[in-house]
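Novice: Residues per chain, in single letters:
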Amino acid sequence: MRRLLTILIMLGVIAAIAGWFLSAPKPLFAAGDKSLESGGNVERGRQVFFAGGCASCHATPGQSDRLKLGGGVEMPSPFGSFYTPNISPHPTDGIGSWTVADLANAMMAGVAPDGSHFYPAFPYTSYAGAKIDDIRDLMAFLRTLEPVAGKARDHALPFPFNIRRGLGLWKLAFFRPEPVRDDPAQTPEWNRGHYLVESLGHCAECHSPRNFLGAITAAQRFAGGPDPEGKGWVPNITQSENGLKTWDKADFVQLLEFGLTPEADTVGGSMGSVVKNMAELPKPDLEAMATFLKSLPAREGPPKPAK
Amino acid sequence: MKSNWIVAGILMAGAAIAAGSVMAQSDPIAQRKAIMKAMGDAGRAPAAMLKGEPFALAPVQAALQAMQAAGKQGPALFPDTSKTGDTAALPKIWETRNDFNAKFAKLEKDATEAMSTIKDEASFKAVYPALLRDCGACHSDYRARR
Chain A
34 MRRLLTILIM
44 LGVIAAIAGW
54 FLSAPKPLFA
64 AGDKSLESGG
74 NVERGRQVFF
84 AGGCASCHAT
94 PGQSDRLKLG
104 GGVEMPSPFG
114 SFYTPNISPH
124 PTDGIGSWTV
134 ADLANAMMAG
144 VAPDGSHFYP
154 AFPYTSYAGA
164 KIDDIRDLMA
174 FLRTLEPVAG
184 KARDHALPFP
194 FNIRRGLGLW
204 KLAFFRPEPV
214 RDDPAQTPEW
224 NRGHYLVESL
234 GHCAECHSPR
244 NFLGAITAAQ
254 RFAGGPDPEG
264 KGWVPNITQS
274 ENGLKTWDKA
284 DFVQLLEFGL
294 TPEADTVGGS
304 MGSVVKNMAE
314 LPKPDLEAMA
324 TFLKSLPARE
334 GPPKPAK
Chain B
34 MKSNWIVAGI
44 LMAGAAIAAG
54 SVMAQSDPIA
64 QRKAIMKAMG
74 DAGRAPAAML
84 KGEPFALAPV
94 QAALQAMQAA
104 GKQGPALFPD
114 TSKTGDTAAL
124 PKIWETRNDF
134 NAKFAKLEKD
144 ATEAMSTIKD
154 EASFKAVYPA
164 LLRDCGACHS
174 DYRARR
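Going down the list, the sequences are from chains A and B.
Just so we're aligned, residue 34 is where the first sequence starts under the working numbering, counting upward by one.
Just so we're aligned, residue 34 is where the second sequence starts under the working numbering, counting upward by one.
Derived by calculation from the structure, the hints in this document are not laboratory data.
Careful: at least some of the hints might be erroneous.
Claimed, not checked - DMTMM-like cross-link-like pairs, simulated, lysine to aspartate or glutamate; straight-line CA separation at most 25 Å:
1. 105(B) to 174(B)
2. 282(A) to 74(B)
3. 309(A) to 141(B)
What the hints assert, rightly or not - Far from chain B, by Cβ distances over 12 Å, these chain A residues were calculated:
4. 62
5. 74
6. 207
7. 293
Every residue gets a Cβ at the ideal spot worked out from N, C-alpha and C, and that includes glycine.
So that you can see chain B by itself, here it is in the shape it has in the complex:
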C-alpha cells in the first residue's frame, strides 16, 4: 500500500513538472524576459567594477553563470509562436534563425571560457568587454530600440 502512495507521489510530481514546463512553453516571452533580467541583475556589479568599483571575483562569476545559462536556454525561448505580443524581438530573428542561434552559442562559449580566464582585475578588464559585445551583437540586429 505504502509503495502505491510513493508511485502516486512520483506521478503527481511528474505531472507538476510537466505542467510547469507546459506553462513555460506557453509563455516564452515572459520566460526570456526573466533570463534577460537575470543577466542584467547579475551584470550590475561587474558594470560598476568597469567604472572603477573595487574588483571582486564572485559577482563576476555569478554574471558569467547567468550569461552561460542564457546562452544555453536562449534559442528555445524564441519559438515561432512568440513573434508578437509584449516583446521587443524583431522579426529578423526568425528570418536569420541560424545566425541568431549562433550568437547565443557564442555567448555561452565565451562565458564558459571567461570563467577560467578571468582571475583578477587585469584579466577582467581585458576579457569582460568581449562578453558585453556578445550582448550588443544580438541587441543590434534582433531587438527593437526602446
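Bound-form chain A, shown alone:
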C-alpha cells in the first residue's frame, strides 16, 4: 500500500515535470534579437495593420480614433472575458519598448517578451502564417502612432483558464504554426487572397466553430457557427447551400468594400468593424480575397437553430 502510494506520487511528480517542459513557450526569435530592426516600410505596414484588423480589437473603446491603440476592449468567450492589451507605442504601458522580433514572437508564436504565453483570443494561430516582412512593416507603422498611457485591465478568467503556462499544452495540442504557402497551380490573385484570408485577415477565427477547448474544428473551417461572444450566429462563408454558394466574386468584393450583402443589407456585429478595415486596403486586395473565398469548398457547420 505504502509502495503504491510512493509510485503514484512519483508518477505525479514526473507528470508535473513533463508538463512543465511540454508547456514551455517556444519563441521564434531570441529575446533582444535586433536582426529585424531595419527596413520596415510605414505605408506597407499601414496596409498590414488594416488587413490584420488590429484596430478592431485594440482601439480604445468609447472614442472614434481607430489609431489610438490603448486596448481594453472586452472579448467575452465561453472561458471568461478577455481584455485586449495596449499596443500603442507607449514605452511602459504599450509595446514601445518591443523589437520587431518581439512583435514576431507575439504574432507568430503567441509568446510575450517576458516569455509567457498569449491566449489564442489573440489570433496568432492565423498570424503565424504571416510573412516576416509584413511583421517588420507593421512594426514600422505602429511606431508612428500616438503613445497611449494606461495599461488595460487583466483578463477575467476563472481557474484553470487563468494559468497561462497551461496554454503551452493547448499549443502542443492545437497550434501548428506554418507559413501560408502559395499554390503554384493557382493564379497570383488567388494566392494573394489565400494569404490575406488565412493569415492577416484571420477570417477563420470567427467564421469557424470551435471545440470545447476553444480550438477551431478543422473539418468545419469557415462553416460558421454560434457567436462565441454571445447572441447571434456567425455565417457559413463556404460555397455550401447553407453558405454563400449563390454569391459571385463581385458580391464578395461588395461585402468587403461596403459591407453590403446581395440582399442590400449591411453587415453588423464585429464584421462592421472588419468592413472599416477593408475600406483601407487597395481594391485588388479585396478582389484577391473574393477570388479565394469564392473557391472555398462547401463545408457544413453546426446546424443553425430555427428562429
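Following the hints, position chain B against chain A.
Specialist: Chain B in isolation, oriented as in the chain A frame:
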C-alpha cells in the same frame, strides 16, 4: 341630420387611426422590421449600380427616401417594452440610448443631404458609400450577428 353622419364618420375614422397607431405601438418589432425591409428593398437597385449596373437617379432617390424615413421613425420603434421577442436588437441599444438615436439622426441627415448632392454616377459613387457606413455603424454596435 346629415352633419351628424359626417361627425360620426370623422369620429370613426379618428378611432380607426387611433386603433391603427395603438396596433403599431403594440408591435414595434414588426414595424421596425418593416422599415428595415423597405430600406433593403429600395437599396437593391443602388447596390447593383455600385457593382456596375448603369446608373439611374430615380431608384437612388427612392432608396434615399426610405433611409430618410427610417432615420426619422427609427428611435420611436425601439421602446423599452421591445427588448425581447423575435428580434436581433442588442440590449446595448437601451444602455447607450443617446448614441443609438444619434445614429438614426445621422442617417436621416445624410440621406436628406444626399438627395441634392447625388446627381450623376460620379457623385453617386462618391456619396452613397457613406450612407452604407451609416447603416453599418448601427448594425455593428446594436444588431446581433445572424
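Novice: If a hint holds in the structure, say so; if it doesn't, say that too.
Specialist: Okay, the hints, checked on the actual structure:
no. : hint             : verdict
1   : 105(B) to 174(B) : holds, 19 Å
2   : 282(A) to 74(B)  : holds, 22 Å
3   : 309(A) to 141(B) : holds, 21 Å
4   : 62               : holds, 36 Å
5   : 74               : holds, 28 Å
6   : 207              : holds, 24 Å
7   : 293              : violated, 5 Å
In summary, the structure is inconsistent with hint 7 from the numbered list given earlier, while agreeing with all the others.
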